[in-house]
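The lines below spell out each chain.
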Amino acid sequence: GAVVSQHPSWVICKSGTSVKIECRSLDFQATTMFWYRQFPKQSLMLMATSNEGSKATYEQGVEKDKFLINHASLTLSTLTVTSAHPEDSSFYICSASSTSKLSNEQFFGPGTRLTVL
Amino acid sequence: QKEVEQNSGPLSVPEGAIASLNCTYSDRVSQSFFWYRQYSGKSPELIMSIYSNGDKEDGRFTAQLNKASQYVSLLIRDSQPSDSATYLCAVIGDGGSQGNLIFGKGTKLSVKP
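Protein sequences, first through last, are from chains A and D.
Residues 4 to 120, numbered by the working numbering, are exactly what the first sequence covers, in order.
Residues 25 to 137, numbered by the working numbering, are exactly what the second sequence covers, in order.
Hints may be right or wrong, so weigh each one.
The calculated lysine to any residue pairs, modelled on SDA-like cross-linking and capped at a C-alpha distance of 25 Å, are [stated by the list, open to error]:
(1) D:K66 x A:F31
(2) D:K66 x A:E90
(3) D:K129 x A:Q45
(4) D:K26 x A:K17
(5) D:K26 x D:R84
(6) D:K26 x A:M48
(7) D:K66 x A:L79
(8) D:K66 x A:T52
(9) A:K17 x A:F70
(10) A:K23 x A:K69
(11) D:K129 x D:R84
(12) D:K129 x A:E55
(13) A:K69 x A:E55
(14) D:K26 x D:S73
(15) D:K132 x D:S97
These are calculated hints, taken from the structure and not from any lab test.
Note that the structure is predicted; figures quoted are calculated from it, not measured.
Take the sequences, apply the hints, and build the full model.
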């Protein structure tokens, strides 16, 4: 299988601060990475799609200036939540896929639980 | 609006029984279909992918796809308490090779010992 890691696994921060979450594909090159958010008892909601070396494509309703995504290499994408507020508290999950794989499966990281006080 | 519909459950089955999870999707051009398992507080884990009509078996899991009916299902044979989780049906919405997954809201399965 394909392994995707995320760091940190959880973070608690004060309102107004920025938080960076890293997503790494460990054993394959991820041409595309996806960022999701999941609130309690709800399904995953796609926030944005990023292809290596290009700007991310954000879903409707997701503020690109608040959720900064960088996909500078084929194994690393970062999500920065800027000026976080309590309503940003959620479970953030990344996934990765690769054109080198025969299927178009997405492999998920373990997620990052963000709590904003 | 492309949608993926699942019964939220909870679906409760006794240990050893067959659990049947169902999913319908609205986008007729969808070509790729996936079942993910998500334990509480964890991220989704891919169980099965299916791309053509018919059945696909992998161990205790069988995925069934009927594109004419826009229906995909997951059967879990010999259900175990460790199978208790939320099962997410997902569809590649635009039919492309790197398209976005559209998730259903998930069906919560409970396997009673």
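Results of checking the hints against the structure:
About 22 Å separates the Cα atoms of K66 of chain D and F31 of chain A, which keeps this hinted pair within 25 Å; it holds. For the proposed pair K66 of chain D and E90 of chain A, the alpha carbon gap of about 20 Å is at most 25 Å, so the pair holds. With a C-alpha separation of about 7 Å, the suggested pairing of K129 of chain D with Q45 of chain A holds against the 25 Å cut-off. Between K26 of chain D and K17 of chain A the alpha-carbon distance is near 37 Å, which puts this suggested pair outside the 25 Å criterion.
A distance of roughly 30 Å separates the Cα atoms of K26 of chain D and R84 of chain D; the hinted pair therefore is violated under the 25 Å criterion. Restraint check for K26 of chain D and M48 of chain A: the C-alpha separation of about 13 Å stays at or below 25 Å, so the hint holds. Under the criterion of a C-alpha separation no larger than 25 Å, the hint pairing K66 of chain D with L79 of chain A is consistent with the structure, at around 21 Å. Proximity of K66 of chain D to T52 of chain A is assessed by CA-CA distance (about 21 Å); at most 25 Å being required, the pair is judged to hold.
This hinted pair checks out: K17 of chain A and F70 of chain A have alpha carbons roughly 17 Å apart, not beyond 25 Å. Under the criterion of a C-alpha separation no larger than 25 Å, the hint pairing K23 of chain A with K69 of chain A is consistent with the structure, at around 12 Å. Between K129 of chain D and R84 of chain D, the direct Cα distance comes to roughly 23 Å. Compliance with the 25 Å bound is thereby established for this hinted pair. For the suggested pair K129 of chain D and E55 of chain A, the alpha carbons sit about 29 Å apart, so the restraint of at most 25 Å is broken.
In summary, the hint linking K69 of chain A to E55 of chain A is supported, as the alpha carbons are separated by about 20 Å, within the 25 Å threshold. A distance of roughly 19 Å separates the Cα atoms of K26 of chain D and S73 of chain D; the hinted pair therefore holds under the 25 Å criterion. A threshold of 25 Å between alpha carbons decides the hint, and for K132 of chain D with S97 of chain D the separation of about 14 Å falls inside it, so the pair holds.
This entry does not satisfy hints 4, 5, 12, going by the numbered hints stated previously.
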